[in-house]
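Put chain U on the given structure of chain W with help from the hints.
The chain contents come next:
Number of protein chains: 2
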Amino acid sequence: MRIDDVGFDSIFKAPTTLIPAIVQDFTTHEVLMLAYMNREALTQTIKTGRATYWSRSRNELWIKGATSGHFQDVQSISLDCDSDTILLQVIQTGVACHTGEHTCFHKPIDLKE
Amino acid sequence: MRIDDVGFDSIFKAPTTLIPAIVQDFTTHEVLMLAYMNREALTQTIKTGRATYWSRSRNELWIKGATSGHFQDVQSISLDCDSDTILLQVIQTGVACHTGEHTCFHKPIDLKE
Numbered sequence: 061m062r063i064d065d066v067g068f069d070s071i072f073k074a075p076t077t078l079i080p081a082i083v084q085d086f087t088t089h090e091v092l093m094l095a096y097m098n099r100e101a102l103t104q105t106i107k108t109g110r111a112t113y114w115s116r117s118r119n120e121l122w123i124k125g126a127t128s129g130h131f132q133d134v135q136s137i138s139l140d141c142d143s144d145t146i147l148l149q150v151i152q153t154g155v156a157c158h159t160g161e162h163t164c165f166h167k168p169i170d171l172k173e
Numbered sequence: 061m062r063i064d065d066v067g068f069d070s071i072f073k074a075p076t077t078l079i080p081a082i083v084q085d086f087t088t089h090e091v092l093m094l095a096y097m098n099r100e101a102l103t104q105t106i107k108t109g110r111a112t113y114w115s116r117s118r119n120e121l122w123i124k125g126a127t128s129g130h131f132q133d134v135q136s137i138s139l140d141c142d143s144d145t146i147l148l149q150v151i152q153t154g155v156a157c158h159t160g161e162h163t164c165f166h167k168p169i170d171l172k173e
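These protein sequence lines map, in sequence, to chains W and U.
This note's numbering puts the last residue of the first sequence at 173; the count rises by one with no breaks.
This note's numbering puts the last residue of the second sequence at 173; the count rises by one with no breaks.
One or more hints might be untrue.
[To be verified] Calculated lysine to aspartate or glutamate pairs in the EDC-like style (CA-CA distance at most 20 Å, straight line):
id : chain 1 : residue 1 : chain 2 : residue 2
1  : W       : K172      : U       : E100
2  : U       : K107      : W       : D170
3  : U       : K167      : U       : E90
4  : U       : K172      : W       : D133
5  : W       : K107      : W       : E120
6  : W       : K167      : U       : D144
7  : U       : K107      : U       : E120
8  : W       : K167      : W       : D85
9  : U       : K167      : W       : D85
10 : W       : K167      : W       : E90
11 : W       : K172      : U       : D133
12 : U       : K167      : W       : D144
13 : U       : K167      : W       : D142
14 : U       : K172      : W       : E100
15 : W       : K167      : U       : D85
16 : W       : K107      : W       : D133
17 : W       : K167      : U       : D142
18 : U       : K167      : U       : D85
19 : U       : K107      : U       : D133
20 : W       : K107      : U       : D170
The set of hints was computed from the structure by calculation and includes no laboratory data.
Just so you know, these numbers come straight off a predicted model, no measurement behind them.
Okay, chain W solo, but in the shape it has when bound:
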């Protein structure tokens, strides 16, 4: 599959067309975070081998780890059946979450309400 196969126009329309990217630890298979990519972010990720997203809060390209040092070295990228979500397997330097937790998914929801 190539970048042209990715459905960047399928979900978000503004300020740029984004798709969700699930980020999984290559070794442990722990799910670390979900971020968003536009075509440029995916192109940069493939070119550099380091995960690059689109920051919805700052409206700019976001090289994960550029300020924290917590880079993600990409080992594989897969597209889903509908071509509107991607899965990255990464080697995570440091932690994925800005709170200092290893994964962003550290808040359990009670299964009985």
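Chain U only, in chain W's frame:
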């Protein structure tokens, strides 16, 4: 965490407020699919123990497996740091993908363009 902690107003506005739900195999930790939930879908998921999503194509609640028999029994639900994405760990009956593949993420993207 409880349903009131989930940021259903954060991403999608129409036809209902949706958040992405990453679905992971409880045993193998394989990432199976990404779907979307509104508050009702999450409430039903918690109440029934079976993964229920919002179908963006049919604009209705979607009990995964209702037609295929490929139910997902939910073992855990976690909310991410920003409260706008959830992670489900499930026991998958049959396969997750409508194509017959075990996971929806079966299309590798070349790491060199």
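* Violated hints, by number in ascending order, as checked against the structure -> Structure breaks no hint.
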